[in-house]
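Here the protein sequences line up with chains A and B, keeping their order.
Counted from 1, the first sequence has number 234 at position 234 by the numbering used here; the numbering is strictly sequential.
Counted from 1, the second sequence has number 1044 at position 44 by the numbering used here; the numbering is strictly sequential.
Mixed in with the good hints there might be a few duds.
Stated by the list, open to error - Distance condition first, Cα-Cα at most 25 Å in a straight line; then the derived PhoX-like pairs of lysine-lysine:
| id | chain 1 | residue 1 | chain 2 | residue 2 |
| --- | --- | --- | --- | --- |
| 1 | B | Lys1101 | B | Lys1131 |
| 2 | A | Lys608 | A | Lys629 |
| 3 | A | Lys309 | A | Lys568 |
| 4 | B | Lys1106 | A | Lys568 |
| 5 | A | Lys568 | B | Lys1131 |
| 6 | B | Lys1040 | B | Lys1012 |
| 7 | B | Lys1019 | B | Lys1040 |
| 8 | B | Lys1039 | B | Lys1141 |
| 9 | B | Lys1012 | A | Lys568 |
Please keep in mind that the hints were generated in silico from the structure rather than gathered at the bench.
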Amino acid sequence: MHMNPATLQSLFFSTLVLFVLGALGSLMSQKKSNAANLIGNGIALIGSALGLMTGVSSLLWRTGFQTKLSSPLPLLSYTFTVDGLSALFISLISLIGLVSSLYAFGYVRHFEGKYNLGTLGFFYNIFLASMLLVVTSGNLLFFLVSWEIMSLASYFLVIYEHKDPSVVRAGTLYFIMTHAGTAFLTLAVLILAGATGSFDLAVIRQMSASIPDLTRLAIFVLTLIGLGTKSGIIPLHIWLPSAHPAAPTHVSALMSGVMIKTGIYMMVRLYMDVLPPGPVGWGFTVLGIGAVSSLLGVLYALTEHDIKKLLAFHSIENIGIILLGLGSAMIFDSLGMKSLAILGLTASLFHTVNHAIFKALLFMGAGAVISKTHTRNIEEYGGLIKRMPYTAGLFLIGSLAISAIPPFNGFASEWLTYQALFAGIRTLDTYMLWAFVAASGSLAFTGGLAAACFVKAFGTTFLARPRSTHAEHATEVPMTMRFAMGILAALTLLIGVFSSAISGTIFTSGFGWMERVQQTNAAYYQEPQFLALRDGFARLPMPGILSGLTITLLGIFILTKLFTGNRKIVVADTWDCGTTLTPRMEITATGFSRSIITIFKGILRPTKQVSIEYHDADMRYFTSSNEVKLGISDPYRSGIYRPVALMLMRLSGIIKKVQIGPVNTYVLYMFMALIILLVTLAIR
Amino acid sequence: MLSLYRKIFSTKKTVIDTKDFPTPENVHRIGNRIHAHVKKLFHGSLAIREVDAGSTNACEQELTALTNPYYDIERFGIHFVASPRHADMLMVTGPVTRNMKTALVKTYEATPDPKIVVAVGDDAIDGGIFKGSYAVCDGVKNVIPVDLEIPGDPPSPITILTHLLAYLDTRAKTQ
C-alpha cells in the first residue's frame, strides 16, 4: 500500500480543522462543564488520532507534502512542509496529545464548579494545533507566528488555576521568559531573511552557503538563546520548574513532553538541515550546554520536594541528554564524518521520543496522586502503593524508564547517545577527545543521580505509611486516567524491546531533508534483534535482555518457591519495641537526598537556617520551638536575572524623565519635532 | 524501734555463703552439657529475649548474673538479644501485671516460630507472693503457653542453668 501525498495532506488539514472546531466548540459550551469537557477533550482526542495517523503513515511510507497558501502579499504566503523530521514530531505531538486528552476526561472533573472548563478546552485545542503548526511551517515568519500562538496558549493554560497567586506569578515569569526568547528568535529570523532575502526555508537552504560567517555565528547564538529558553537549557531554565507545576497535569505532560521539544525540532532543522555545517565550536557549545544541563538538572531535581517541580527539573536533564546527542552530531557533521553524525542525530531524536513518552507518563502519575492527596509536597505522601496500586505500578515503570534501566525505552536511547559519544572518543584526538570523555562522564553521572532521585520520588510517594490524612484516604483514580497511563507504560516497554525497529524508523526520517547525509553509509545499522554499530564496536540485543530478565525473574521465583514453598507464613505487626510506629519515623525525601547534596555542596551550595526559641530567654536551657530551614542557593536569579532586571529598571528610570505621561507634553514634543524639521528644511 | 531490731535479728541469714556457691567446675560441667545441646538443637547459638512482665527485678538480677565473668554463659553459646525477632527463647519474669499483658502477648507474637517460653521465678509460674491480686494475671501460663517453669524466688543462676539443661535434655530426646 502506498500513501498518497494528497491523502496525507487532507488528513493533516482535517486534524487542524478538528482542533479549531474543538476549541470553538468547548468555548461555546462553556456554560455546561460536562459538555465542555466532552467536546474539548473528545475532539482533541479524535484530532490527535488523525494527527498520529498522518505522522506515522508519513514516516512509514516516506511520503511528505508541501502546501503553499499563496496570497497577493509575498510575505504572507504560508507554506506547510511535512518531511521526515516534521512527521516524527507530528507523531510525537499527536501521540502525547491523544493520551493527554484521554487522561483529561477524568482529570479535569475536579475543576468543575471552580474554573471554566470551556476556556481550558479552547486553549488546549489551540495549543495542540499551534504545536503542529510550529513543526510543519516551511516559512520562518509563519513559524514565528505559530511559535507565538503556542507560547500564548500555553501561558493561558499555565495560569488556568488563576485564583492561586503563586500560579499567576509562575505564569508571569513564563510569559516574560518565553517572550525574551521569542525576541532573540525574531532577531535571528530577521538577520537570516536579510542575508538571504526570503523567509522561506527552502530558499534559505539554497542560499545559506552564501551567508557570511559572522552573520551565521550571530544567527547561531541568537537561535540557541531563543530556542534554548523554550527548551529549558541551563541557565535559561528558570521559568520551567515553576510553570510546569502550575499548569493542569495533562497540560504539564504536553508542555514537558512535547512543547519544550519544539525548540529541539527547530535546532535540528536549523543546525543540521537549513544552515550548512558550522565550525566545530558550535557543536561543542551545544555539547557543553547539554552536559551542564543534564548534570545540573538532575542535581536540582534531587533537592526538590514538589513532585511536579522534580519532574520539571528532570525535563531539563533530559533536554541536556538530547543536546549531548545533537551536539555530537553537529561536531561530526562539521568534521565531515557524516555517518557518525547520523548516529548522534538518531540518538538525539530517539531520546526526544522516549522522553516525551515516559515524562508524560510520570506527569500523569504525579497528577493522579495530586488529584487524590491535594498536595504536591512528596513529604506528605506515603503508603500510596496500597491505596493506588495501578498508579504506583505505572509510575514505577516510568521511573525505571527515566532512570535508563533495561528493558525500557530510556535505556535504549541513552545507550545510543553513549555510542555517539564513544564514537567521538574513538575517532577524535587531543582536546576534542577530552570533551567527549567529559560529556560521557556527565551522562554517566546523570544516569546514576536520576536513578537515586527516582528511588527517592517513588519511595517517599508510594512506600511506607501515609504521612498525612489526605494520603491515608486516597483512592484509585478513574479508569480513563489509568488507561491513558497504561498506554504510555506499554509504549515505554514496547519501544524499549523493539528499539531497533523504532530507532530505524527514526533513522530513516531523514527523507526529504538532510540530503548531505543521506547518501553516506551510517555507522549505525539495525537488525530486528539488535541495535548495533556497523564496525562491531557494540551491539545491544534488547529482546534478549528482556528474555534474560524474564528468565532470571522466573528462575528466582521458582527457586524461592522450591526452597521456601512449604514454610509457614505468619502475618504479624512490625516489632516496634512497644512504641507506636508513626510516619514521622520514616526516612524523609529531605533526609534521603541530603547525603547526595552534601557530596555536591560545591555546586549546589546548600543553605541551612536554624532558629530556636527558648522558654527561658536568658538561660537558654529549654527550647520551645526549633526550626531548621534547608535550601539551596539560586545563583541564576542572583547572578544573572537580578542584575539584568536592575539594569532594565535603571534604564527605564532614565527614559521616564522624557516620557512623563501627560498628553500635552507629548503634543509639545511633536510640535518641537515639527519646528526643528521645518527649521532644518528652511536652512537647507 | 525495738521491733525493727527484733526483725533484723530474728530474720534468717540472707547473705549467701561462699560455701554455697557452685564451684567453677560445676558451672563448667553443666554449661558444657548445655553447650552440646545448643550446638545440636540451635545450630550453635541460643538467643534469649528477656521479658520483664512486672517483676520485682530479683529474677533480672539473677539472669544478669548469668552473663558475669563467673558464669559467663556466652561461652556456652547462649546470649541475650535485644529483639524478639532474633530470639529462640523468651524468658519471662514477674507475675504479668495487667499493664504488661499486651506487651507480653505482642512480644510472643513477634518471636519467630519455633519458640520456647520459660517462666523464671515463682511470680512467673503462678503469681507467687502477688497471687490473687487484682493487678496481676497470676503467672505467664494464663497469658501465653509456657514450655518450662523454673521455680525459686528468685532462682539462683545455677538453678536456672540446671533447669535449662534438664529441659534441653528432654527436648534432645524427643527430637
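Quick rundown of the hints versus the structure:
| no. | hint | result |
| --- | --- | --- |
| 1 | Lys1101(B) - Lys1131(B) | 15 Å, holds |
| 2 | Lys608(A) - Lys629(A) | 6 Å, holds |
| 3 | Lys309(A) - Lys568(A) | 46 Å, violated |
| 4 | Lys1106(B) - Lys568(A) | 19 Å, holds |
| 5 | Lys568(A) - Lys1131(B) | 37 Å, violated |
| 6 | Lys1040(B) - Lys1012(B) | 43 Å, violated |
| 7 | Lys1019(B) - Lys1040(B) | 34 Å, violated |
| 8 | Lys1039(B) - Lys1141(B) | 28 Å, violated |
| 9 | Lys1012(B) - Lys568(A) | 53 Å, violated |
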